[in-house]
Amino acid sequence: MKAVVVSIEGKKAAVLAADGTFNSIENRDYRVGETLEYDAAEGRAGVLSFVRYHAPKLMAAAAAVLIFGGAVTANTYAFSTVTLDVNPSLRYELNIFDRVVDFDSYNDEGAEIVTMVAPEVLGSSIEQAVDITLDALEETDYIEQDTPVMMTVDSHLSREKKLERKTKEEMDGWNDRKSKSGVKKSVSGESVIVPDELAKRAKDKKKSPGKVYMVDCLKGVSTGSVDEDEWLDRSIPDLKKEIEKRKGPSGGPGGRSPGGSPGGHEGRPSGAPPPPGEGRGPSHVPGMSDHDPADAPDL
1 MKAVVVSIEG KKAAVLAADG TFNSIENRDY RVGETLEYDA AEGRAGVLSF VRYHAPKLMA
61 AAAAVLIFGG AVTANTYAFS TVTLDVNPSL RYELNIFDRV VDFDSYNDEG AEIVTMVAPE
121 VLGSSIEQAV DITLDALEET DYIEQDTPVM MTVDSHLSRE KKLERKTKEE MDGWNDRKSK
181 SGVKKSVSGE SVIVPDELAK RAKDKKKSPG KVYMVDCLKG VSTGSVDEDE WLDRSIPDLK
241 KEIEKRKGPS GGPGGRSPGG SPGGHEGRPS GAPPPPGEGR GPSHVPGMSD HDPADAPDL
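Note that the sequence shown ends on residue 299 in the numbering used here; no numbers are left out.
By construction, these hints were calculated from the structure, which means they are not laboratory data. Keep in mind that the hints are not guaranteed to be accurate.
Mimicking BS3-like on lysine-lysine, the simulated pairs with C-alpha atoms at most 30 Å apart in a straight line are [stated by the list, open to error]:
(1) Lys203 x Lys168
(2) Lys180 x Lys247
(3) Lys178 x Lys203
(4) Lys200 x Lys185
(5) Lys247 x Lys184
(6) Lys184 x Lys168
(7) Lys240 x Lys184
(8) Lys168 x Lys180
(9) Lys219 x Lys206
(10) Lys12 x Lys161
(11) Lys205 x Lys178
Distance windows between CB atoms, simulated [stated by the list, open to error]:
(12) Thr223 x Ala118: 39 to 49 Å
(13) Ala111 x Arg28: 42 to 52 Å
(14) Asn27 x Val183: 44 to 54 Å
(15) Arg234 x Asp204: 16 to 26 Å
(16) Lys241 x Ala199: 22 to 32 Å
(17) Arg234 x Glu37: 49 to 59 Å
Keep in mind the model is a prediction, meaning the values are calculated, not measured. Don't be surprised by glycine CBs; every beta carbon is placed ideally from N, CA and C.
Make a model of the complete structure from these sequences and hints.
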């Protein structure tokens with residue numbers, strides 16, 4: 001039976017088989033992402049304990065991976081979602097290797113960017129995709145100096161923290177490259193992990209998680225009501241400017257400290273989503289390998 005190696009832990013390897021089951025087999029110097037033929041009976045003994053231990057993430061992945069004609073399509077199925085917002089709102093769907101398998105938009109401005117760069121973005125790594133996209137946003141005058149950019153990350157495979165780090169580092173790297181080339185344009189980039197509740201609200205509103213997150217932050221520093229629908233159609237720079245304006249001199253609503261707001265979190269506006277990683281499961285499933293599938297060769 002065909003299977004793909006999804007994790008390695010010492011002498012054991014976790015594989016996703018063509019029948020949709022996860023199995024624990026002997027590690028014979030396999031690499032994450034490697035496809036192999038194996039005797040299904042070999043891994044059966046460890047199935048129950050393995051699945052019970054890793055059930056939430058593994059079952060999500062099992063439902064996600066498509067098997068067609070005996071070939072595992074880990075290369076084409078979207079395991080993770082990354083969004084990027086300025087005024088254009090863009091969405092990247094990533095496979096297990098963090099390569100872009102789908103590139104789409106949430107608004108008309110974003111659709112123009114997709115049309116411009118989709119051939120370059122599709123199939124590229126998320127780092128390359130962000131770099132290409134920022135170049136396109138600069139070319140179309142959406143980026144000036146210290147332009148606020150909001151990115152969000154979500155994943156079926158507990159890869160949120162790695163993607164959060166990758167996207168933030170890529171925005172910083174883009175700034176460095178522009179600075180070295182003498183271009184006086186830059187982004188003030190932020191990348192956050194999307195809690196499940198926020199992802200659901202964004203989906204219901206057909207808006208990007210980044211826009212919903214920023215409107216939540218605006219609500220958190222506002223003493224009065226906020227027209228959510230109006231602000232969801234505004235740009236990230238507009239939202240950022242309004243948030244700073246409403247914070248007041250002490251950084252909170254009307255000058256109050258954010259930590260003093262009812263239900264607030266110190267350093268975070270009341271009503272805003274939790275900071276990256278808070279309110280979700282751990283970014284690493286105990287017992288699973290720290291090896292990054294994105295570093296493995298493509299199938």
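Should the hint that Ala111 and Arg28 are 42 to 52 Å apart at their CB atoms be regarded as holding?
-> 48 Å, holds
Verdict for Thr223, Ala118 (Cβ pair) under range 39 to 49 Å = 43 Å Cβ-Cβ, so the 39 to 49 Å window holds.
Compare the distance between the alpha carbons of Lys178 and Lys203 with 30 Å, and conclude whether the hinted pair is satisfied.
-> Distance of about 34 Å is beyond 30 Å: violated.
Is the straight-line distance between the alpha-carbon of Lys205 and that of Lys178 30 Å or less?
-> 35 Å, violated
Taking 30 Å as the top limit, are the C-alpha atoms of Lys219 and Lys206 close enough?
-> Judged against 30 Å, a Cα distance of about 19 Å means the pair holds.
Proposed proximity, Lys180 with Lys168 (alpha carbon, max 30 Å) | 19 Å, holds
Does Lys12 pair with Lys161 here, judged by a C-alpha cut-off of 30 Å?
-> 25 Å, holds
So does Asn27 sit 44 to 54 Å from Val183, Cβ to Cβ?
-> 48 Å, holds
Restraint status (C-alpha distance of Lys240 to Lys184 at most 30 Å) | This hinted pair holds, its Cα atoms lying about 21 Å apart.
Does the hinted range 49 to 59 Å hold for Arg234 and Glu37 at CB?
-> At roughly 54 Å between Cβ atoms, Glu37 and Arg234 fall inside 49 to 59 Å, so the hint holds.
Given the proposed pairing of Lys203 with Lys168, does the C-alpha separation stay at or below 30 Å?
-> 24 Å, holds
Taken at face value, is the distance from the CA of Lys185 to the CA of Lys200 at most 30 Å?
-> Since the Cα atoms of Lys200 and Lys185 sit roughly 34 Å apart, the hinted pair is violated (cutoff 30 Å).
When held up to the earlier numbered hints, the structure conflicts with 2, 3, 4 and 11 and fits the remainder.
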